[in-house]
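> Numbering of the sequence shown is given in the working numbering, commencing with residue 2 and proceeding in unit increments.
These are calculated hints, taken from the structure and not from any lab test. A couple of the hints might just be wrong.
[As the list claims (entries may be wrong)] Label-pair ranges, simulated between beta-carbon atoms:
(1) Ser31 - Ala11: 32 to 42 Å
(2) Arg48 - Ala11: 25 to 35 Å
(3) Arg103 - Pro14: 54 to 64 Å
(4) Leu62 - Ser33: 42 to 52 Å
[To be verified] With a straight-line cut-off of 20 Å between C-alpha atoms, the simulated SDA-like cross-links for lysine to any residue are:
(5) Lys13 - Asp60
(6) Lys52 - Ala25
(7) Lys29 - Ser45
(8) Lys52 - Lys13
(9) Lys52 - Arg37
Because the structure is a prediction, the values reported are computed rather than measured. The beta-carbon is built from N, C-alpha and C at its ideal position, and this holds for glycine as well.
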Amino acid sequence: MKPPNVDVHAEKPLVICFTPAEVAGRWKCSASFVRRLIDNGELSAFRAGGKLLRVREPDLLAYEQRQSTSAKIAVVDTTPHSADRSAPVLGLDAAIKHHRQRAGR
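Produce the complete structure using the sequences and hints provided.
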């Protein structure tokens, strides 16, 4: 007997799934790299029909989110300074400019 007010015929939301080759195409890498991530447990996947690997879209998005980095890059200027012997930390733009100046560009 079904519980009251439950529609047993309501459609469940579809979950988009990807093959390792489709994930590889999205990331511009090899399918073997994607399968290695799955084998290592870094990327969640399941076997459709007991054989075919599939990655659910939410699992793919979660992996991509974990891999995204927002770390800032800092370059240390190691040239000696007359007043201060410590090396200041430069922002990325300043570091590129400094590098180009030292390279004579």
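> Indicate, hint by hint, whether the structure satisfies it.
So, going through the hints one by one against the coordinates:
no.	hint	verdict
1	Ser31 - Ala11: 32 to 42 Å	holds, 41 Å
2	Arg48 - Ala11: 25 to 35 Å	holds, 28 Å
3	Arg103 - Pro14: 54 to 64 Å	holds, 56 Å
4	Leu62 - Ser33: 42 to 52 Å	violated, 22 Å
5	Lys13 - Asp60	holds, 18 Å
6	Lys52 - Ala25	holds, 19 Å
7	Lys29 - Ser45	holds, 19 Å
8	Lys52 - Lys13	violated, 24 Å
9	Lys52 - Arg37	holds, 16 Å
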